[in-house]
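Residue numbers (this note's numbering), protein chains in the order written: chain D, 18 to 905; chain A, 5 to 114.
Worth double-checking, as some hints may not be accurate.
Stated by the list, open to error - No more than 20 angstroms apart at the CA atoms, straight line, and that leaves these computed lysine to aspartate or glutamate pairs for EDC-like:
1) LYS68/A - GLU43/D
2) LYS84/A - GLU40/D
3) LYS68/A - ASP38/D
4) LYS84/A - ASP37/A
5) LYS79/A - ASP50/D
6) LYS79/A - ASP38/D
7) LYS68/A - GLU40/D
8) LYS23/A - ASP45/A
Just so you know, the hints here were simulated from the structure itself, not pulled from any lab data.
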Amino acid sequence: MPRLRAWFSRLLGLFQKNKRDAEMAEEMQAHLDLLIERNIAAGMLPHEARNAALRQFGGVEQTKEIAREQRVWRWADEFLQDLRFGARMLFRNPGFSILAILCLTLGIGTNAAALSWIEGILIRPYPLVAHQDRMFAFIGTTRGVEGHNGLSYPDFLDFEKNSTLFESFIVDRIMGTSLSVGDRAEWASGGIVSANYFDALGVRPILGRGFRPEEGTGRNAHPVTVISYRTWKDRYDFDPNIIGRTQYLNGVQHTIIGVAPEKFHGTFVGYSFSFWVPTSMQETFDTTGYKLEDRGARWIEGYAFLKPGVTRQQGQAELNSIAQRLEHDFPETNRGHEVQLVPLWKTPFNGAGNMSPTLAITMAVVFLVLLIACANVSNLLLARSLLRRHEMTMRLALGAGRRRLIKQLVTEGLLLSIIAAAGGIAVAYWCRNALVLAFPSPVPGVVIDFPGQIDWRVLLVSAGICILSTLVFALVPAIHASHVDLSGALKSDGGGVVSGSSRSRLRSTLVLVQVSLSFVLLAGTGLLLESLAKIQNANPGFSTDAIACPISLFSAGYKLDRAKSFQTELLDRVRTLPGVESATFARVIPFSYNVFSSSSIEVDGYQPPPNQQPTVDYVQVAEDYFATLGIPIVSGREFTRTDDENAPPIAIVNETMAAKYWPGKNAVGQRVKVTDRWLEIVGIAKNSNYRTKLEPTMPFLYVPLRQNWGVQNTLLVRTRETPGALLNALSREVHALDANLAPRMPSRMQEQVDEMSYSQRLAVTLVAVFGTMALFLAAIGLYAVMSYSVSQGTRELGLRMALGADAGSVLRLVLSRGLRLTTAGIALGAIAALVLTRLMGNLLYQVSPRDPIAYGFALLVLLGVALLACFLPARRATRVDPVSALRV
Amino acid sequence: MAKEKPDLVYGTLDMLILKALQHDPRHGLAIADRIQQMSQDILHVEQGSLYPALYRLEAQGWIKAEWGVSNNNRKARYYKLTATGRKQLSAEEEHWLRITKGIDLVLAGG
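The shape of chain D in the complex, shown without the other chains (with noise of 0.2 angstroms):
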């Protein structure tokens, strides 16, 4: 405690300085004027009482300065003065500085930059949004079943209505609509969202308002809507009559009620949204039906802010015993289903689950790529430690600690550190919205959306890494110069003997380092890349080449007949189109935003475990879906034109749900209950992918579009003709039928499959180019010190020479030296990598973290850089004129 206090009041001595030493001066002439008193007072002149006082007193300068030993930081003082030798010492070799501080720049400015990311995309993604540390994802599960799905608009509304330890619930869903000023029709993203949203979220308009409670409900009976900052701003031109005009939206007005500030993207990862509509409005842009009062119609993605002081498990135990509550009211509906509050930055429904395991893939990369930037300084620190052999030497000759030797330098690495950190802060700075790069935006008009965020914590995290780094990069060279041998190292320092010192033996230690930490980073990356691959060329289980061309009809106004009819002819029309081989109609399409349907089903003979109520997400679709997306049917038959209204209701399951109802027997034939009517099995089509690649294998079920009807329906085409040309037949045809309407742009489907894996792609990209990044820094490195090392033997060789070796033999022998070094390293890297990439076994897809292809190339690059960085000094080593080389 005293010891504490007396640190303390040192500290607060170095800050009010000024204020102590008036205070000193004070008492000490406090003390004077009562020595000068007591003399008055014992006889003595006052001029000669004065005198006298100041020799009793002794010289007063002299016992300030004694007197502020004691107080000031003595700790301090010599930091200062390091600090001050440290930069003298820096600019007295630009050319190592310069060297030393870009690696780090390097380093510390891509782990800033990841860091960043982190935190803008996972930790706290949405600017201006208040509580974020008490806000999460609000999620639908099923009992037994992997994977998450939404919540229906009556169970959120009870959730809302009978929890006690939340704040508030809010809806957000993403959805995609077309956007019309005058003539023109833009596609943009935006959100359907629960009236409480901007209050919520604590964001208030800048113009205008956000919604009224009362607009979240009745049907379709709120058209208004709260535009982004954006949207005011490149679509309105910044009018500030905005308010109140209207705008159309998926064919319907609505007036503007609000702009959003202009930091405010909305609250979904990657998208930047352009405006956002209450929940009332949701028939009017979900092209899967009115749902705002069937509770089997779990289309709801939304977060619950927590009160104060609750803890999530806390939160998470009242919203299960609601959800038994809804299980047990009810159970048609309802059964099987849970709910569950996931942090943020595990967000399944938008960009952070995806991105939060790309990110860490990020991290990890970038670390090493600090760890071999720290590598590389501390070669050169200690490459330029043994030149300064001699200033050391002195230095402990005449007196000097060698814990003070140590603190110096370790003090000069902090500089170049600091300089560094700073640069790579910079760097960060640049670079934090950089990621949207990667990604050119899918559609024009939708704004992605993956900033990078710059705050406290991050600058804390980073200042955290540059003095690890330091004392990674600055602690061992400095040890080791602190350790010379005084009686030899005061003689001249000339050029080394190849073998045997304790000088080599470290600076092999470093390249055996250097060696085995790129092996293990070029390894990882290589396996990262591999499974990246594996995951782009992952076959979907159908074909990618199919066209996709959605059809507005809803928003166009059509009802149930009238569509039927339109897309029955259309159908037909498409079939005849020259180079069309096969068109169908689907619901939802795969790898699109918009939800599948769910049911809860009913097997003949199958006994569900208790509490659990088997579900299966199904889609509707026409005949020829199968032999368009080109999924195989492995048994039965699938869907014709003859299997409408009038026939009897039939299904087809994918293979898992076969297995899964009905293990070793034949499911076609057999009957299975989805949403109260019992279909007949026709076949078993093989497994594909439905929404990711990643996705767990799950049971799946089609129905015919003609026993299902809808409004809205994507049209799904297989032809040998281009989108382009497709487009242009189509619209002949679709205006033939109406010529109101005008079909969008069709996409192949393998741009639906980009589209939604993304982060992968991300990933990539990153990996890439981290992981060129970090091979060259390691080129650079073991270039140096290979080239250094053959320049320090540079007198041996010259030796060599003169005693008759010729070039050939000193290329060999450096050479082999060289590989020797390289080879011990690599095998060390290889028994490294062999540990530490199996913990990215989840980051890794069909992929063997011991993968031969990735530990090959891992072995081939390294060489090559070795041979490389051997091979130039060696060659320049034959080239010593021995008499010089010996002359030094």
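Once you've looked at the hints, dock chain A against the given chain D.
Frame of chain D; chain A shown alone:
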């Protein structure tokens, strides 16, 4: 830095200051006077070592300083023993007694 005069045993000034403050708070000059008086004029404390020692003790938290007014109405900085200072004093006294006893024994043995 160590500027104590030879007439004071090295390292004992701190203890003497603490002792001088045992009963009453005093200002710098009064501390010097008190030590001189208690030692029956054998020990003289130089101001050059007194103030560094006072600041050192203050930084350790053993004494506390406050501005006050002296007997003859002058402003002066008064030092007071803290609780930890009191503990420190008794520890140092004990230590000193042991050392001097040892030294006495050695000298007597000659």
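For which of the previously enumerated hints does the structure constitute a violation, in increasing order of number? Result: no hint breaks.
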